[in-house]
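Visitor: Spelled out from the first residue to the last, the chains are:
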Amino acid sequence: MLALSIENVSKVYRLGEIDRKQLFGDVRRWVKSRFNSGYTLGDPELEAEQEPQALDLFHALKNISFEVREGETVGIVGANGAGKSTLLKLISRITLPSSGVIRIKGRLGSLLEVGTGFNGNMTGRENIFMKGAIHGMKRREVRAKFDDIVSFSGVEQFIDTPVKRYSSGMSVRLAFSVAAFLEPEILIVDEVLSVGDQQFKDRCAARIKQLVNEGRTLLFVSHMGDQVRSVCQRSIYLKSGSLIYDGETAAVLDKYEAMQNEATANSPEATTQAGQATSKGNQ
Amino acid sequence: MNKSTNTDTQIWTTIITSRTPLWQIPIDELWAYRDLIILQVQRDFHSVYKQTVLGPLWYFIQPLMSTVVFQVIFGKIVGVPTDKIPPFLFFMSGTIIWYYFSACLSGTSSTLTSNAGLFTKVYFPRLAIPVSKVISNFWQFLIQLIIFAGFYLFFLWKGAPIEFSYRIIIIPGLILQTALLGLGCGCLVSALTTRFRDLQMAVAPFLQLWMYGSCILFPLSMVPPEYQQILILNPIVPIVESFRFAVMGQGQIEIWQWLVSLAVTVLIFFVGLIMFNRVEKNMADTI
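Chains as they are written, first to last, in our numbering: chain A, 45 to 327; chain B, 2 to 288.
Just chain A, same shape as in the assembly (with noise of 0.2 Å):
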């Protein structure tokens, strides 16, 4: 059975900022497609507003499409600006897609970005049944697993300080733990393991692991190719937007690797300008 499956998937982002001449450009598109009386038909200003231009325009993923089996363990690897955070952020329901479609099985838990979210007023108990229901657990779920959170976070003696007097170690380690308990059947794992220091992340890889041999569907996210090495049976090899390689993570990896020494060795500049584009892409 499938858990996840990603047709023709693009997503495009406009460039630039909205300002002042936006709204005169959807107000004037508004009436011309409200009254579509062709009153715009040979005035080249208004044309021009009427579409954006295609080099405003940022092709984020072009045309991906993959499956991925129940219990299976993918790692997505590529460049800054490959597209890899744009892609979870699909999959993750917070944008949708530019066209194409995305078909999910099960509860989908995923770890963006996890040190964000806490409300610094609210205690850390407090903050963790917050969190837990924002993820879509349910309170009765949180207090069966709050001593797990609690004591794999290893905040104990703070949990009931506001979480604005913890050191920001403390409460990235707090948000992870209730992520790590969330036990959903697909987890997406971002650049996580960065989190901490070096006990919190063994523990931290240990956990993955641990989901992973329940049989939780995991799609991991790294540019670190020994965390994907040691994680991944299969990756996934994103590069400006496209999908390159999907395959064994021992092939994809080693592919992948030759890659970037060969863009470092041509030209320096070549990774850091992907990822600029995307950053721009995304305000």
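Derived from the structure by calculation, the hints contain no laboratory data. Keep in mind that the hints are not guaranteed to be accurate.
[Claimed, not checked] Some residues of chain A that are not near chain B, with every Cβ distance over 10 Å (derived): (1) L46; (2) D100; (3) K106; (4) I146; (5) G150; (6) L152; (7) N165; (8) K189; (9) D191; (10) Q201; (11) K208; (12) K253; (13) V275; (14) S284; (15) A295; (16) Q304.
[What the hints assert, rightly or not] With a Cα cut of at most 20 Å, we get these calculated EDC-like pairs of lysine to aspartate or glutamate: (17) K51(B) to E170(A); (18) K149(A) to E227(A); (19) K283(A) to E258(A); (20) K182(A) to D84(B); (21) K106(A) to E116(A); (22) K159(B) to D45(B); (23) K245(A) to D234(A); (24) K182(A) to D29(B); (25) K122(B) to E229(A); (26) K253(A) to E292(A); (27) K149(A) to E114(A); (28) K245(A) to E227(A); (29) K51(B) to D204(A); (30) K149(A) to D199(B); (31) K282(B) to E30(B); (32) K208(A) to D45(B); (33) K283(A) to D298(A); (34) K122(B) to D298(A); (35) K245(A) to D192(A); (36) K245(A) to D270(A); (37) K149(A) to E170(A); (38) K283(A) to E51(A); (39) K122(B) to E227(A); (40) K149(A) to D29(B).
Glycine is no exception: its CB is placed at the ideal position from the N, C-alpha and C atoms.
Add chain B to chain A, keeping to what the hints say.
Guide: Okay, now just chain B, sitting in the frame of chain A:
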């Protein structure tokens, strides 16, 4: 790529496409996330009196202060007639309804912009936030309504020209209408604010203006008949006037006027939800 596309036996729980029907209100999803709504309401309730001295007493002080000020300025100094209703009850009834409406509107209007950080990280039905705001403001309103009931009984006992009747059964309906109107307006503003931040600045002064046109400080009967027709289009006017009529048996409101207000409410509610749904889907890209 594996070729196991036997989609006949495959069951999907979520299908994401580039377009979703706009009018679709995710009632089932909101129900699934009801614990989130409950927690949000609890948090709002507690945060009101965290680090305050008077704590929940503010629920009492706020409407009483406004009522006294209105009664002195508009009742005593300006001399606004109040349709034979004791001025204190007249101003208080208007004030508490208006405060509920404006709290719902301003509370929900910043939903999408002030929670942007959260919305770009995790999916949950976004509508849960406005709905929880309307519910937490409802508790505040309920407390104020009970205070109003206390004064009402006092005036009734003192023999003021007000009458208690079966008509009060329509009050839950009026409250629901106020909530839906506040939610609809708030969602509409919230949706538009993601693109045009100007609205954030406009909400407070606009609400102030709206209050002056909402029969909070004067009765509808005081308005020249030719303007009454226009004023009826403000859905708050018939709500406030119906409330006064239902509770005190005084005033002037006709059923058709309330029906107009109901129609406007339903219209704003659905337009607000549709806009909110539309914007919420892609707001991570525009915010």
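Visitor: Run through the hints listed earlier and report the numbers of any the structure violates, in increasing order.
Guide: 1, 4, 5, 6, 7, 19, 20, 21, 22, 30, 34 and 37
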